[in-house]
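Heads up: the protein sequence lines correspond to chains S and L, in order. Here this note's numbering is used: position 285 in the first sequence is 285, and no number is missing along the way. So the number in this note's numbering is just where the residue sits in the second sequence, counting from 1, plus 1000.
No lab work stands behind these hints: they were computed from the structure. Be aware that a few hints might be false.
Beyond 12 Å from chain L on every Cβ pair, some chain S residues (computed) [as the list claims (entries may be wrong)]: (1) Leu170; (2) Asn267; (3) Ala315.
No more than 30 Å apart at the CA atoms, straight line, and that leaves these computed lysine-lysine pairs for DSBU-like [what the hints assert, rightly or not]: (4) Lys122/S x Lys1259/L; (5) Lys1244/L x Lys1259/L; (6) Lys1055/L x Lys30/S; (7) Lys1023/L x Lys122/S; (8) Lys1055/L x Lys1177/L; (9) Lys1021/L x Lys1118/L; (10) Lys30/S x Lys1177/L; (11) Lys1259/L x Lys152/S; (12) Lys83/S x Lys1259/L; (13) Lys1118/L x Lys122/S; (14) Lys152/S x Lys1177/L; (15) Lys83/S x Lys66/S; (16) Lys1244/L x Lys1055/L; (17) Lys1259/L x Lys1236/L.
The C-beta atom is built at its ideal place from N, Cα and C for all residues, glycine as well.
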Amino acid sequence: MSSETGVEATAGARHRATARRMSTGRAGDKIFVSAARGSGIAVLAIMAAIAVFLIWKAIPALQDNKANFITAEEWNPNATPPKFGIAQLAFGTIVSSLLAMLIATPVAIGIALFISFYSSRKLASFLGYIVDLLAAVPSIVYGLWGLAFLSKHMDGISEFLNTVLGWIPLFGGDSPGKNSIFTASVVLAIMILPIISSITREVFLQVPRANVEAALALGATRWETIRLSVLPYGRSGMIGASMLGLGRAMGETIAVAMVLTYVPGINIHLLEDGGATFASNIANSFDEASATGRGALIASGLVFFTITLVINMLARAVVARRKEFV
Amino acid sequence: MSSVTTSPGKPSLGSISAGRKIKDRLVQGFVYLAFALAVIPLVSVLWTVLSNGVKRLDADFLGHSMNGVSGRDTGGGAYHAIIGTLEQVAIASAIAVPIAVLTAVYLVEYSGGGRLGKVISFFVDVMTGIPSVVAGLFVLALWLLTFDFGFSGFAGALALTILMIPTVVRSSEEMLKLVPNELREASYALGVPRWRTILFVILPTALTGMVTGIMLAVARVMGETAPLLLTIFFTKAINTDPFKDPQGSLPSFIWEQAKDPNQNSIDRAWTGALVLILIIMVLNLAARLIAGRRAPSGR
């Protein structure tokens, strides 16, 4: 019995100790603690509200839907009866962002290697600033650039890819155009370069100096040093970085919406005009959306949010796992 | 004849086989190429915006709205859009910064690794990954469809707030962590209450870094377009009241003008892009200057 009260007493003391740690009981302290904790809880409340209101406003539209929401390719929520599905949007989102990631990752790793190992220290900080500048340019400007400048120069590249690699279905098709998923992917790749390269650079900075010096002391060339001591160490960090880039590319709206011209239906030929993503569809069809149309857009936004959430979580888990080994 | 082994033509150290040398050079070439590939689009973007935008960067553009101007017409400007952007970003910062800074204070100073702190930290991460258009959809669902308010600059500011909070929390958190523990202990030893310690010792120490983070976040949300299309809608006229009726903004101005096939509209879009980039670059440069001037001394 005495032991029980002893346990209770220490528990009580611990409780009082934590309470004292948070606040000294003075009025100012009490107010300040509750303001700080309240803000933290407000953040949680916002996240909860996002989930609740998106689901709530999506349900009526989903109930009116006369097509299969998951597998249908058409998007006609304003028609009677409303018919809409996310198949085309999911296809466009996933393909364009995957392609963007495939284009951007090698280049971004090249940039990170260049800044970390191939340039002098003074030059490196300047170059890092240049790459950060790429990140500061807003997406609407990339969209405008992609629409008015890049797409005009994509004609030749698309036709070249079409003639050389036309036997691969993805690059096939009869009429390669400039407002295609491929062009959108190139714009996206440019936009996600900075985030991938800056995270990769951070990983490279953490490579133990001793490993690099050991490789150099063994007479390794610069490439062999990188291959032996830098790349194995940074592998999961680089994977995480490219996945964060993938998440960023998926969430990108305006640049894609400006570059793509909407053609209904999934088209496997990525070089032909057409295609739509979740985000570009929301931006493009909001103006004319009826009540059901808005609900349908909210429903698609919910699916879209879930997909990006999963990708971002996975990426963070991969990056965090590396930290534990350090 | 011992000098044979050290003859100049055959050094004992450093001879690398041709294959290894070629591979090394190839990789070096690839790395240089990758960097060039990154610089080309940056230069191209800045150059096209500058050369196309400077044509219409005149008093007309900065001082007039698009009211009564059709796509074909010359003239017209982005005054309504600049006003809208400045108001929306100011309101968003006024809401987001206190919440975000207090959250960061809670995470660093109060939570002490507790469960609530971990949950908040996790959801701040989740919030970082919210696509901007989803933030717009949320405000649409909450503010416009549930509470039945109309399109307004304030609704746009709410969407920007959601995008701003997580970045400011993260940057402020980093800066608060840099404040040396000795400062806290010294303050407590003098019998200063905790809240005064935070307000008058810790926050001032971390202030410059936090201001930098906040300015970068402001620059970031200033270019957001998608959430604004769903919340402020579109107007050609000047509307200085952010709480009532649709409002303009620079990103949505560029979006509208770029969709118009007339060359005069495209020109206006480029000039809008130039003005937007100039504002963002000024904010970025200012943030860097502040950051460079004084960083908290710590580990």
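Outcome of the hint check:
Separation of Leu170/S from chain L is adequate, the least Cβ-Cβ distance of about 22 Å exceeding the 12 Å criterion. With a least CB separation of 23 Å from chain L, Asn267/S remains clear of the 12 Å interface cut-off, as annotated. Under the 12 Å C-beta cut-off, the non-interface status given to Ala315/S relative to chain L is violated; the minimum distance is some 9 Å. A threshold of 30 Å between alpha carbons decides the hint, and for Lys122/S with Lys1259/L the separation of about 43 Å lies outside it, so the pair is violated.
Restraint check for Lys1244/L and Lys1259/L: the C-alpha separation of about 26 Å stays at or below 30 Å, so the hint holds. As the CA atoms of Lys1055/L and Lys30/S are separated by approximately 58 Å, the hinted pair breaks the 30 Å bound. Pair hint Lys1023/L plus Lys122/S holds up; C-alpha atoms about 27 Å apart against a cutoff of 30 Å. Using a Cα cut-off of 30 Å, the hinted pair Lys1055/L and Lys1177/L is violated, with the two alpha carbons roughly 47 Å apart.
Restraint check: the Cα-Cα separation between Lys1021/L and Lys1118/L comes to about 51 Å, which exceeds 30 Å; the hinted pair is violated. For the given pair, Lys30/S sits about 23 Å from Lys1177/L by alpha-carbon distance, which is consistent with the 30 Å threshold. A distance of roughly 16 Å separates the Cα atoms of Lys1259/L and Lys152/S; the hinted pair therefore holds under the 30 Å criterion. Of the pairs offered as hints, the one joining Lys83/S and Lys1259/L holds, with about 27 Å between alpha carbons and a cut-off of 30 Å not exceeded.
Of the pairs offered as hints, the one joining Lys1118/L and Lys122/S is violated, with about 39 Å between alpha carbons and a cut-off of 30 Å exceeded. A distance of roughly 49 Å separates the Cα atoms of Lys152/S and Lys1177/L; the hinted pair therefore is violated under the 30 Å criterion. Simply put, Lys83/S and Lys66/S have alpha-carbon atoms about 5 Å apart, close enough for the 30 Å limit, and the pair holds. A threshold of 30 Å between alpha carbons decides the hint, and for Lys1244/L with Lys1055/L the separation of about 34 Å lies outside it, so the pair is violated.
For the hint linking Lys1259/L to Lys1236/L, the alpha-carbon distance of about 15 Å falls within 30 Å, and the restraint holds.
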